[in-house]
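Number of protein chains: 2
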Amino acid sequence: MSARAGIVVTGTEVLTGRIADRNGPWLAERLLELGVELAHITICGDRPGDLAAQLRFLAAEGVDLIITSGGLGPTADDLTVATVAEFCGRELVLDPELEARIADIVARVMARFPNVDADAVRAANRKQALIPAGAHVLEPVGTAPGVVVPGTPTVVVLPGPPRELQPMWRAAVATPAVQQAIAGRTRYRQDTVRMFGLPESALAATLRDAEVQIAGFERLEITTCVRRGEVEMVTRYEPDSAAVYAELLTLVRQRHGGEIFSEDGTTVDEQVAALLAGRRVATAESCTGGLLAARLTEIPGSSGYVCGSVVAYANDAKTAVLDVDPALVAAHGAVSEPVVAAMADGALRRFSADTAVAISGVAGPGGGTPDKPVGTVCFCVRLAEGPTVVRTLRLPGDRADVRERSTTVALHLLREVLSRPS
Amino acid sequence: MSARAGIVVTGTEVLTGRIADRNGPWLAERLLELGVELAHITICGDRPGDLAAQLRFLAAEGVDLIITSGGLGPTADDLTVATVAEFCGRELVLDPELEARIADIVARVMARFPNVDADAVRAANRKQALIPAGAHVLEPVGTAPGVVVPGTPTVVVLPGPPRELQPMWRAAVATPAVQQAIAGRTRYRQDTVRMFGLPESALAATLRDAEVQIAGFERLEITTCVRRGEVEMVTRYEPDSAAVYAELLTLVRQRHGGEIFSEDGTTVDEQVAALLAGRRVATAESCTGGLLAARLTEIPGSSGYVCGSVVAYANDAKTAVLDVDPALVAAHGAVSEPVVAAMADGALRRFSADTAVAISGVAGPGGGTPDKPVGTVCFCVRLAEGPTVVRTLRLPGDRADVRERSTTVALHLLREVLSRPS
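Residue numbers (this note's numbering), protein chains in the order written: chain Z, 1 to 422; chain B, 1 to 422.
No lab work stands behind these hints: they were computed from the structure. Predicted model only: the values in this text are computed from it and were never measured. Hints may be right or wrong, so weigh each one.
[Claimed, not checked] If you want a taste of the chain Z side facing chain B, the calculated C-beta under 8 Å gives, among others:
#1 Ala20
#2 Ala28
#3 Pro74
Here a beta-carbon is modelled for each residue, glycine too, at the ideal position from N, C-alpha and C.
With the rest of the complex left out, here is chain Z (with noise of 0.2 Å):
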C-alpha cells in the first residue's frame, strides 16, 4: 500500500522567478510527516490550459492527491478554481452564505483604506464565492476560500500566501474526502546525517563501497546534497530496515566521524543555542552586515542569550565603535586576522559579552587583491574565559555566497570553541 500525491503551484509571479515559492516545500514536509509520498511538484502561470495539462499529467501518473497553491485572488488572472471545476467535471455554484462571509471579511480590511471605493473591491471579491458543485469549502484565513474536491484523485485547492495556505491545509486533511485519499499512506523513519569539511565525492565514494558490504542496502532511500558548504546525507527507510541503516551509519562513521557533527536532525543553528545558554554572545561582522546576528536571532527565545551586534562597515566605525586601533588597520588590512581578533575583543567590552564572533572579508564583486581575492573571509570566535581561535578561509562564489556561506562557518567555529571540554 502507498500513497502518492502532487502539488500543483500556480502564479506567473513563481514560474517566472519573481516570487520564491515557499508552498511546495512546506507541503512537501507535511506530506512526509503523513506518510504520502510525494511524485511531483509543478509549476504553471496564470493560464488554465497550463494549468489543466499540469493536473491532468499528474492524475495520469495515478497520484490519489493533488494539491493546488494560488489562483484564488480577486482579480482577472485568477483561475484555479474554475480551472480545478472543470478538470473534475464538476459545475461552479455561488455559495450566497460564503459570499456573505467574504463580504465581511473584505469590509474589515477596507476600513484601513478610506480612499478606496469598498463596493468595487467588493464586486471583485464576489467571484472568489464560486464553488465547484459538491466540495467542501475550507473557510478563508485571508478572504479567499479553499476548497476540497473528491475524487480519483482528489484535489485540494489552496490560496497563495502562506500563511493562509497553512492553517488551511490542516483543516483539509480533517476531511473524509483527503482522510480516504491517502488511506493507503506508510509510515517511514528519516534521519539526517549532517557533515562539514567534507567534500560529496567522499561521501559518494563510501555509498560504493556501503552498497556492495552492505546486505539490504537497497533498501534504503539515501539522498546527499550539499548547502552552504555542509554535506547532508538523508535516508528514508521502512522501520523493518533500521538495522540496514545502523550499518550505514557505523560506515560512515568509521570513515568521516571527524566531519560528522548532527545525526540526529539538529542543525548547527541549533546546536549553537543549545551550547549558548547562559552565555552572553555578541557579533562584530564586516563583509556579513549583520546576516550573522540576524541568522542567531531568528530562533525564538534567543533573547535569551544574544546581547547584539556591531555591524562596522566602515574603517572608521571598527574604531569608532569597537575599539579597533587604526593602526592595526593600516598595518594590517581592514581584512586581516588582528583586525578580526580587535574587533571581537570590541564585542566582549562593549557589550559586556562571555562569548564573541567576529568577522572581516571580501564579499566581491570589487575589493580583491592578489593577496587577499574576493572569497577571503577572517574568522576569530573569543571567549572571556580564554580560549580564542582565529582563522582565514577562502570562500568560493559570489557576493550573496560568500556571505552566507561565511555566517556557517562561524557558526561551526562557535560550536568547535564551546563544546570543548573546559
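Assemble the complex: chain Z is given as a structure, and chain B must be docked to it using the hints.
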C-alpha cells in the same frame, strides 16, 4: 511564431524542500530575456521513472526546449544524464578525453582533503564522463559536465549548483542545437509598476474597469502579486501594443498615484541606494536583529554610504551601546516611539552618521501583550539636518514575516524622508 520551453528541476533535496531551488527562477529570467515562453517548471526527486514521466509530459505539451538542472554528481542517486539519454533514444558512451579532464579537476579538489582516498573518488567521478551519443558536451565549471542533446525537443542538461549552471547555460545557448530550438522566439516588452500601501483588491477593481474602458486590453498579459507588503503589477506585451499599455498606466496612476513608487522596474532597495549616495547611514535594530543592515549591504558598493549598525537585542545593550536612557525604557517599554527615536539618535552619534534608521518591535512568537501584540513594530528615521519620522505599525504574519516586512517598511520610510524636497 513562438518558442516554448519547460524546466525540469531534479533532486529529492529540492522536491522535499530541504533545499530551495534557485535555478528555476534564474533560468526563467534568462528565457524571458531571450523571448522564449516558459510554460512549465516541474520538480522531481532522484527517481528515473518520475524524471522520465516529466520529460514525456513536456514533450507532449509541445515545448521546443527542455532544460534540466541537477543530478549530475558522482553519487548513485545522480541519474539525469542516463535518463535523458534513454528519453532521447541515444546510447551512453564514454568520452575518454572528457574523463581525463574531469580526473584533473578532481585531483586538484582532492589536494585540499589529504585524508580522502583519491582513487575511490576518481572512480566515483568516472560516470560523469558518460555522454549521450552525438550530444554536445558543455565543459564542467565544477566537476560535472553538461550536455545539449539535439532533437524535438532539444534537451539541455545542466548541473545543480547555481554557480556551475549559470556559465554553462550561457555556453548552451551558443550551441547550434539550442539556437535552432528557439528560432521562433518573439521579443516581448515587460513593464513593472510597484505600489506600497495598497491592498491587492483595490488594484483588482481598477483592472476590472480597465478591461471595459481600454480597447485592446486583452493584448496585455497582466499579473499582479503581493510580496513583502508591496503590490507588483507586471505587464507583458508585444511592442505594437505599447499604446494600450500606456493607457493602462495612465488609469493606474489616476487611481493609485500616491501608492506607486516605481514604474521602471527599480526596487525600493535600489531607489534607497541611489538616495543614500553621498550620505552616511547607520541602523539601530532590535527585533530585526541586523536584517536591515544586511539588506542595505546586499548591494555592491554599499560601503560607500553604509557606516554600520548596532543590533541592540538586549535592553542593556540599548543603553550601553546606543546611550538609550534606561528611564525611557522603564517608562514606555523597549517597543515604543520614544525608545526607537533614542536608538536612532544613538546610531547617528555613535557612527558620526547623517542618516539613521531604528527598529524595535515584537516579532513573536512570545513577548506580545494586549497593548503591544506580536507584530507591533516601531520605526524611526532621523536625518542629522532635521527631519525625523516616527511610526508604529502592526504587521501580519509569523516571526520571519514580521522581521522581513519590517525591513521593507523601514526602506519605504527612508525613501519617503530622503526624497522630500529640502
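Verification of the hints:
no., hint, verdict
1, Ala20, "holds, 6 Å"
2, Ala28, "holds, 4 Å"
3, Pro74, "holds, 4 Å"
Violation of the numbered hints given earlier is absent; every hint is satisfied by the structure.
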